[in-house]
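Just need the whole structure built from these sequences, with the hints factored in.
Listed below are the residues making up each chain.
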Amino acid sequence: MATIVTSPTETKPGQPANPAKLYGLIAEFETPGDLMAAAEKVRDAGYKWWDCHTPFPVHGLDKAMGIKRTILPVLVFGAGATGTFAAFLLQAFTNSWDFTIWAGVWVTGYPYLISGKPAMSLPAFIPVMFEVTILFAALTTVSMMFLFNGLPQLYHPLFRSNRFRRASNDRFFISIEARDPKFLPRKTEEFLKSLDPVAVEAVED
Amino acid sequence: MTTLTPESQVGRMVDNTVDRPGERAPLVLNMDTFTQVTATVCRVSEAEKAPLAWYIAFAGSLGLLGLLGICIGYLIVTGVGVWGLNNPVMWAYDITNFVFWVGIGHAGTLISAILFLFRQKWRTGINRFAEAMTIFAVICAGTFPGIHVGRVWFAYWLFPIPNQMEMWPQFRSPLLWDVFAVSTYFTVSLLFWYTGMVPDLATLRDRAKGKVQQLAYGLFALGWRGSNRHWHRYERAYLLLAALSTPLVLSVHSVVSFDFATSQLPGWHTTIFPPYFVAGAIFSGFAMVVTLAVPARELFGLKDLITLRHLDNMNKVILVTGCMVGYAYAMEFFIAWYSGAMYEKFAFINRAFGQYWWAYWIMVSCNVITPQLFWFKRIRTSIPIMFVLSIFVNVGMWFERFVIIVTSLANDFLPTSWDLFTPTWVDIGTMVGAFGLFFTLFLLFCRFLPMIAMAEVKAIMPQADPHGAGAGKHGHDHGHGHDKPRDGAHGHH
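If you read the sequences in order, they're chains A and B. Each residue of the first sequence is one higher than the last, beginning at 1 in this note's numbering. Each residue of the second sequence is one higher than the last, beginning at 1 in this note's numbering.
What the hints contain is simulated information worked out from the structure, not anything from laboratory work.
Coverage of chain B stretches by chain A, computed from C-beta distances (three or more under 8 Å per stretch; other residues unrestricted): (1) 28–35; (2) 158–166; (3) 178–189; (4) 195–204; (5) 223–230; (6) 235–246.
It should be emphasised that the depicted structure is a prediction, and the values quoted were computed from it without experimental measurement. Ideal Cβ positions, reconstructed from N, Cα and C, are used throughout, including at glycine.
Rendered as structure tokens:
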């Protein structure tokens with residue numbers, strides 16, 4: 001939109017510095033209900049590169065947007081099972097077996113004889129197996145969630161918009177990106193305005 | 001969003017501890033808009049200066065932290081002989097403090113995980129700072145076994161790291177299970193706390209005026225922009241973390257109790273220990289949440305978000321877990337008699353009437369008798385009384401661990417090997433100093449981080465329901481959602 005070239009020092013958030021290309025359009029809504037109704041229409045209009053931005057998760061919005069369920073739980077299950085197995089091997093190797101392996105350095109197992117208990121005391125290994133299961137699963141949950149979300153991403157074109165700051169406070173936004181095959185600046189703007197938003201704004205990339 | 005209507009003015013006087021059939025008591029008082037929640041919570045960290053009481057408390061905490069540093073420094077350069085430990089009593093204040101702090105740490109995860117799975121919406125007002133409390137309590141707890149090993153520079157022997165002796169830790173020992181349980185618990189609690197805080201850090205980032213704040217909050221907010229495609233995975237992840245933390249929280253204090261229960265010592269060798277320790281941990285943890293919540297909500301103006309109903313509910317949990325703890329004390333005595341084992345019988349009679357009788361009766365009066373007062377609603381909803389009672393519970397639970405550990409060790413099988421434990425100034429200084437560490441961290445948290453989970457609180461407001469009061473511009477004429485609150489019944493979560 002803006003074609004005036006300003007020096008970087010004069011740049012304020014929301015005011016693009018260069019005649020950059022359009023990132024997309026954002027529409028602001030006042031309530032979760034308004035957003036939900038609008039999201040259903042955007043979905044039905046066939047847009048692909050679009051999103052809703054809300055200060056808290058709005059229930060039912062996933063369906064209204066047509067988001068597929070994440071495969072995160074499957075990965076977490078795998079990580080948990082890996083943890084169980086890894087903890088078993090760790091304990092069996094260090095306390096029950098006496099062969100040498102290379103794990104960064106050469107290490108040898110040491111079959112302890114404690115109170116006449118068998119070298120392979122599986123019941124005694126269970127607490128650590130349980131804890132490591134949880135540890136692996138929890139680390140995977142959080143790291144994969146952020147990874148799939150493409151975070152950390154400290155810069156994003158949407159942060160240029162001052163209006164958009166309320167997305168973490170009390171307003172609800174729909175953004176449609178310019179790279180969407182159905183995106184036509186004028187037409188998409190008209191479409192967003194027809195959804196009864198408070199405002200529609202263009203965001204430069 | 002909404003202007004003041006007579007209806008919402010009525011809300012200003014509402015007593016949300018009263019249950020009206022067919023109606024859900026409001027959990028957020030005197031607020032009609034989301035931005036009021038944001039402003040109320042952010043005001044604490046955005047204020048130029050903290051309240052005077054904060055500075056006084058912080059100075060006091062730093063003083064105690066210094067004392068902890070001195071005591072630990074003295075211990076490290078001299079040796080564990082500076083404590084009052086002797087031959088039979090090789091665990092005393094150190095392990096008492098360890099178990100005490102781990103126990104305190106249980107409330108946070110219980111609130112964030114178990115109450116989340118049970119869809120207890122009131123958790124949103126208190127979960128953030130209860131989780132923070134958990135993390136700081138586990139830091140305090142972790143300090144004690146660390147310094148108790150004596151030669152702290154060998155503390156890495158606790159972990160299965162290849163070392164010059166070509167020896168490994170002994171995985172059949174509950175002490176090693178403890179290392180894994182507590183370190184996993186700390187890691188998972190930290191992940192849970194931080195993950196929950198990311199959206200709120202983004203709120204602080206978006207409101208930040210100064211460059212430093214913008215950068216600091218911005219960095220830790222990871223670029224969160226409230227995208228619903230992100231929220232979708234975020235909510236899944238949060239549910240998974242809750243599901244993982246629930247058995248974890250129960251396992252941690254069970255494993256701590258194994259430190260005692262798997263030994264042969266009379267008074268320790270009992271099967272009731274795991275559930276009894278877990279109940280005690282929740283009991284003490286909730287008491288600490290009340291101890292912290294009462295002054296915090298006064299000081300930082302959070303009374304509309306941490307309402308009397310939240311406190312009332314917590315006091316009910318204290319009552320329930322207090323009853324469980326009382327039952328466990330009675331059952332221990334019964335089993336000691338019923339077992340017919342002479343040493344068990346002696347251990348328990350000795351606890352109540354031996355040299356440490358005073359510690360035992362402090363424990364019973366604080367943990368069994370005082371929480372019974374919470375049967376009365378007037379007491380459950382009285383701020384000064386609940387504050388005093390919560391401190392009684394904290395004291396009682398410290399003594400519980402002292403009684404279990406010290407009385408059993410001091411008088412075991414052979415009278416010739418008996419000895420009494422007397423704490424030294426270093427013992428007492430370390431115990432008091434740990435509170436300095438805890439409160440220093442907690443006060444810093446209150447000052448600089450969002451003390452209440454804003455995103456979660458907003459999500460439980462009636463206005464957040466896209467089909468109810470939040471249904472749009474023409475939506476709020478038909479009732480504020482207060483009259484006919486929905487049961488989260490939109491099927492698709």
